[in-house]
Amino acid sequence: MAVTETFYDVIRRQGISRRSFVKFCNLTAASLGLGPLAATQMAEALETKPRTPVIWMHGLECTCCSESFIRSAHPLAKDIILSMLSLDYDDTIMAAAGHQAEAILVETKEKYKGQYILAVEGNPPLNEDGMFCIDGGKPFVEKLKWMAEDASAIIAWGACASWGCVQAAKPNPTQATPIDKVIRNKPIIKVPGCPPIAEVMTGVVTYITTFGRLPELDRQGRPKMFYSQRIHDKCYRRPHFDAGQFVESWDDDNARKGYCLYKMGCKGPTTYNACSTIRWNNGVSFPIQSGHGCIGCSEDGFWDQGSFYDRLTSINQFGVELNADRVGMTAAGVVGAAVAVHAAASVVKRLTTKTDA
Amino acid sequence: MTRHIVGPFNRVEGDLELGLDIEAGVVTAARVTAPTYRGFEQILVGRPALDALAIAPRICGICSVSQSIAAATALRAIAGIVPPPNGVLAANIAHAAENIADHLTHFAVFFMPDFTRRAYAGRAWYEAAVAAFAAHTGRASADILPARARLLHILGAVAGKWPHSLAFQPGGTTRALDLGARMRLSGIVEEFARCFEASVLGVAVDVLLELATPEALAAYAEETAGLLPLFLRMAADTGCDALGPGPGPLMSFGAYPSGDGPLFPAGVYEEGVGASPLDASTITEDPSHAWMAGKPTHPAAGDTRPDADKTSGYSFAKAPRLAGRPVEVGAIARQAIAGQPLIRTLLARDGGSRVTSRIVGRMLEVARLIGAMRGWIGALDANGPYCADGPARFPDGAGSGLIEAARGSLGHWVEVKSGRIARYQIVAPTTWNFSPRDEGGVPGPLEQALAGLDVGEAGAEAVAVQHIVRSFDPCMVCTAH
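Line by line, the protein sequences give chains B and L. The opening position of the first sequence corresponds to residue 1 in this note's numbering, with each subsequent residue numbered one higher. The opening position of the second sequence corresponds to residue 1 in this note's numbering, with each subsequent residue numbered one higher.
Among the clues, some could well be false.
[Stated by the list, open to error] When the alpha-carbon atoms are kept at most 25 Å apart in a straight line, the in silico DMTMM-like pairs for lysine to aspartate or glutamate are as follows:
(1) B:Lys143 with L:Glu215
(2) B:Lys257 with L:Asp178
(3) B:Lys170 with L:Glu461
(4) L:Lys310 with B:Glu110
(5) B:Lys234 with B:Asp180
(6) L:Lys310 with B:Glu142
(7) B:Lys138 with L:Asp206
(8) B:Lys170 with L:Asp178
Derived by calculation from the structure, the hints in this document are not laboratory data.
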């Protein structure tokens with residue numbers, strides 16, 4: 001019976017061995033930062049619980065989330081997760097087409113009412129009655145609301161679904177709108193980034209389908225396990241920031257020494273994401289490692305915060321005030337204007353504490 | 001006459017809808033619709049010039065490096081920056097990796113699964129097709145997707161992150177590749193070459209590149225085990241060799257620059273007419289059948305203003321024309337213009353581009369790029385610079401970045417005033433191939449390729465429609481942006 005089918009049944013039917021399945025559970029538990037016990041729990045859940053269907057829909061987007069996802073780190077993880085998803089519906093890679101594909105949506109809505117996960121890549125534009133994104137003859141926003149009605153939870157993939165992303169940049173010609181402004185009565189997990197890191201995506205989807213609930217979220221609706229630290233916190237160039245050693249132009253001597261990219265506009269100090277720990281393309285690298293600053297693509301509104309190449313002037317996140325002043329002063333001696341931010345922060349501090357100054 | 005809507009299409013990048021008029025089992029007219037629009041050209045105006053490097057690539061998560069390089073090339077032209085050879089080589093290496101990855105995804109994931117449709121059950125090759133190309137479970141996905149993911153480690157090494165890389169600048173690339181990085185790049189290319197030869201070609205790359213006639217290609221298809229030979233046998237059996245005639249002219253903006261000129265030159269090639277130089281000043285974008293306001297203009301003077309109520313419109317894509325004519329772009333165009341012997345003889349045999357020759361063009365291009373990448377990696381100068389400095393203030397001016405993405409010619413036309421973008425117009429490859437009609441009612445390349453197709457009783461459901469549409473490897477998110 002299809003209704004009582006488990007993920008394990010599906011995985012085995014795809015020709016994936018028991019051994020590979022156990023390896024997958026260990027790998028995923030580790031990547032989610034869960035202990036060894038979790039791997040066993042995960043295996044048990046996948047073997048015994050009816051599988052949760054995942055419907056993957058595309059609104060106004062550029063397909064970068066899908067591109068990131070299908071190259072997730074471990075080929076095994078990709079195979080297993082794709083075999084979980086492919087059963088249902090994905091515009092880009094599914095086998096079914098046209099009416100057959102629409103029929104899958106109707107069937108899922110009826111058969112798995114209140115149980116399936118709706119994963120959304122992109123967002124709906126609301127101008128001109130939704131006409132800037134027409135899917136199967138209807139505005140995408142209608143299809144989205146219709147599928148959301150009976151979903152148990154919604155995954156908002158990427159900056160588009162979470163925040164709006166570049167198509168929502170001023171003047172936002174199509175009124176591209178993030179998912180949580182349109183769907184208000186369902187749990188929504190935001191997985192921002194343009195695109196999100198593949199391992200973050202597979203981790204999130206595996207957690208939800210395995211345990212049947214959303215992982216712990218922060219105030220903005222992001223999974224804490226991946227979005228609780230700034231790029232800057234774990235950046236391998238951080239010692240150079242603290243030492244006041246900065247790149248002054250692309251590929252200069254300082255760049256070759258791997259100095260900090262703060263002066264080149266790096267947004268690492270204000271961006272919450274896992275790029276500096278998980279990295280990209282199977283852990284090969286991430287933007288800062290390629291010599292370019294972070295543009296903060298997982299942050300709300302990153303597209304309208306002034307130039308990507310202007311240095312941040314509002315950072316204020318040194319844990320120890322004394323540290324901030326000392327770093328500011330030392331570095332100012334070395335690189336002059338480089339640390340305008342720190343100096344400014346110190347001035348503000350003085351003004352607020354010495355009102356008679 | 002009956003009018004059918006085919007779509008939404010799966011296994012294409014983005015959303016696509018097709019209108020077919022069918023009379024007595026024959027397609028009499030086709031209309032292709034790009035049903036989504038985001039407004040990048042409107043969003044870019046008013047922003048600092050260099051911000052185009054972060055915004056414009058986000059048009060497309062599939063060919064973001066191509067978009068990055070087009071933006072960097074246009075800004076480079078305005079600022080008069082000359083990148084050092086290393087910067088050009090590193091960009092070529094990354095760009096080739098992305099283009100190869102696109103060709104492979106198209107082949108294994110998007111195009112070939114149509115041969116496993118039930119309509120073909122009973123053909124001698126059907127079981128082999130299912131084993132090789134069934135969506136998700138076929139051997140092709142199992143072989144090619146991991147190989148493709150490993151190839152894209154090149155983007156990690158050169159550009160940090162992909163899609164939406166940031167390392168491509170007007171002055172060159174931001175990361176100096178040290179000896180270790182260069183050795184890794186070589187390793188990745190060699191590993192990929194082995195997989196491509198073993199799984200797809202069934203022969204060494206050089207053996208494929210020596211095939212110079214349709215007869216030699218047919219003999220290779222009969223004698224060889226591999227995904228490409230299997231495709232060629234199926235294509236011959238299903239009439240793909242004659243399916244989906246292109247509009248005639250094939251165009252390329254030229255790809256992979258170097259001091260000696262591009263690896264694949266710019267130009268125009270038309271079967272029966274021959275090769276001619278490209279005159280980019282004759283390009284126009286015609287909004288007469290798009291949901292866009294305005295008149296046909298050169299992109300350097302064009303604008304993009306949506307008009308959702310326009311009754312003559314049926315797509316968000318404008319109709320690009322070269323000297324007033326629709327042209328086909330893509331790997332087949334690049335290879336024909338570069339004089340690739342097998343492609344030239346296939347074009348001569350068929351009287352122009354067809355479904356089969358489009359696929360062959362892509363695989364030949366992958367084979368040629370493997371050799372080119374080896375050369376570029378070897379040519380990197382350990383002590384040389386990767387990025388030239390630009391002027392302290394970005395100068396006013398206008399310029400264009402005319403490059404080749406995997407799917408064909410990509411142009412960014414940019415104007416900068418007081419350091420800010422005053423105009424930004426983009427014409428993407430699938431805008432050319434999936435263009436709507438123009439002022440004179442002349443259909444675009446796909447619309448022409450479908451007209452006259454004998455669909456028989458299957459009507460709009462005919463598999464041939466799917467073969468023709470996907471043979472162009474459409475990227476709809478680029479098409480209207």
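Inset, instruction - Just pull the numbers of the violated hints for me, sorted ascending. - result: Numbers 1, 3, 4, 5, 7, 8 - these are the hints that the structure violates, sorted from lowest upward.
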